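Participant: Residue strings, one per chain:
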Amino acid sequence: MSVKKGRQTYVNDRGVYIRETAAIVGPREKAGPLGDCFDEVRPEDWGEKTWEKAEAKFICAAFHKLMGKTDRKTEDIDCVLAGDLMNQCTASSIGLKDSNAPYLGLFGACSTIAEGMCIASFLINSGGMDNVVCMASSNFCSAEKTYRTPVEQGGQRPPTSQWTVTAAGGLWLSSEPGGPEITSVTVGRIVDFNITDSNNMGAAMAPAAADTIMTHMSDLNRTPDYYDAVITGDLGITGSGILREITGLSESVHMDCGAMIFDPVKQRTNSGGSGCGCGTAVLSCCFYPKLIRGEMKKILFVATGALMSPVSVMQSESISGIAHAVAIEI
Amino acid sequence: MDHDLNGLTKEKYAAVADRHSAGSNVVKNCALAFVSGGLICIIAQLFYDLITCSAASHIFGEIDEESGKTLTVMFMVFLGVLLTALNVYDEIGRVAGAGTIVPITGFANSITSPAMEYKSEGFILGVGSQMFRVAGPVIVYGTAASVTAGFIYYLIR
Amino acid sequence: MDILLKYLSVFAVGGLLCMIAQILLDKTKLTSARILVLYVVSGVLLTAAGVYEYVVKIGHFGATIPLTGFGYSLCKGVFKAVDMYGFRGIFTGGLADVAAGIITAVFLALAAALFSRPKSKKI
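Residue numbers (our numbering), protein chains in the order written: chain A, 141 to 470; chain B, 206 to 362; chain C, 3 to 125.
In case anyone wonders, no lab produced these hints; they're calculated from the structure. Watch out, some of these pointers could steer you wrong.
Stated by the list, open to error - No more than 30 Å apart at the CA atoms, straight line, and that leaves these computed lysine-lysine pairs for DSBU-like:
1. K237/A to K144/A
2. K233/B to K82/C
3. K438/A to K189/A
4. K324/B to K121/C
5. K437/A to K193/A
6. K124/C to K233/B
7. K324/B to K123/C
8. K274/B to K59/C
9. K438/A to K193/A
10. K29/C to K217/B
11. K430/A to K144/A
12. K237/A to K121/C
13. K59/C to K121/C
14. K193/A to K31/C
15. K124/C to K205/A
16. K123/C to K193/A
17. K406/A to K209/A
18. K215/B to K121/C
19. K170/A to K8/C
20. K144/A to K170/A
21. K82/C to K274/B
22. K31/C to K217/B
23. K406/A to K213/A
None of the values given here were measured: they were computed from a predicted structure.
With the rest of the complex left out, here is chain A (with noise of 0.2 Å):
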């Protein structure tokens, strides 16, 4: 059973562990500066007619490939949780749907990828389940389609605006031991401050982010120095930035995926990446294989999401943020 400490944290009684993980991105990503650290890099369309039908074949192609680095079958798996964010989740109901596995589809824009490893833990710890894979997937095709504007219209971006990752990746989460284990998890708030600008999701976000870490610590006891890094989601260069300042984190111990999978400047992506796809991505790729090689003990992984829909953008509607943390610990 998870065991509840203070307001929104739960610790977990029945190890969980994240057992293998996977990632496939797109060639910006693989040109950023952690290019090296991806499994598989594809083309943003990956020869298919729609934006849709691709990311729909990177999520599936991104589960094949977990699978395929595990002993296991897809018969062993409980579960599938996974998001996106297209409309109710096209991509990950199109991709998963000859998967075969139980499915569960999230929303949780950008922090879908924690909002499942929250539920996994959950799911594990209640003894039901033993093999639940949590992924997440986003393509900055469909995802300017969605949201922006049509592909190829002119038009610039500020620079604040963040980068949509093209990127699906997965976690296997076991109730086996071995590998990095969840040891807590802590179930965000929605915190909105009144940020009206759909360019500027670092500054909509960062205060879900402050809001789950400050929560995180107090409801453990603990200071952000018990960790070896506080990593969040996609707050980018502007929205980390905001987080330090407000919570007085230190730039040695909080680290942003967003900030660091493109080069900002070379890259022209303005304040960072963005997007389900981007701490999936970089969880799975660069702070697991540091987790397993020793470099890192302790981390919190905080994914960062902000609650808007193209239809709340244009009623004028504030965008909200929302941020779940999870403890990783080896």
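Fit chains B and C to the supplied structure of chain A, relying on the hints for placement.
Facilitator: Only chains B and C this time, still in chain A's reference frame:
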């Protein structure tokens, strides 16, 4: 809301967020918009002058002023569509900003880009219905303004 | 010299109209769609007020190629039609003068959709 980020209020947060949110490089953007927009207009002028000059009349026949202007607009629209279809208009726009949005080539781009994008939803409900998702408002409010202006002109002329 | 001066003013007027839009984009929260609507409507109003005719005299295609010029054509078309047909001209004149631009755009965009597909941005 009981979120207490060390007593951070929405007003205080707006100031913090503002301080960290880098503004656009307005001077550089303006210079680029000015030059690119100016150049697009020069292309139009050049085209018009070429097709209406006396040398050209031997080839095309005499082109009067009104036809010349119409042909020029059509040519600029053609340029906008062509560059969009060749997948380069967005790359130019990433640098030139308003310089490629405001001229009629940008209008053509705003019609062509959704037409191409929504091809994946079919030619009727995709291309046909989405084509004007950006340019539609321009035509709607331009037409409405012209009817208003025309009505007033009708009354006072 | 005359021709050089003409081209210089085409460049200056066209560039200036684009630069104003850039300032609006960067300094206000206006989206490009709103700015384009603003441009067309201002084009109509300025033409109706008799101002834009002067801008066109100076800027030539520098004034008619930016979207304010679209508004200029809309307004001129309406006034011409009202002069010729009276009341019904209010409803027939506007789109008449911009028809070439719209129809060319629609037809070619359809062709573009047939023959071309969107591609992701350059890395």
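Participant: Which of the listed hints are broken here?
Facilitator: 1, 2, 3, 5, 9, 13, 14, 17, 18, 19, 20 and 23
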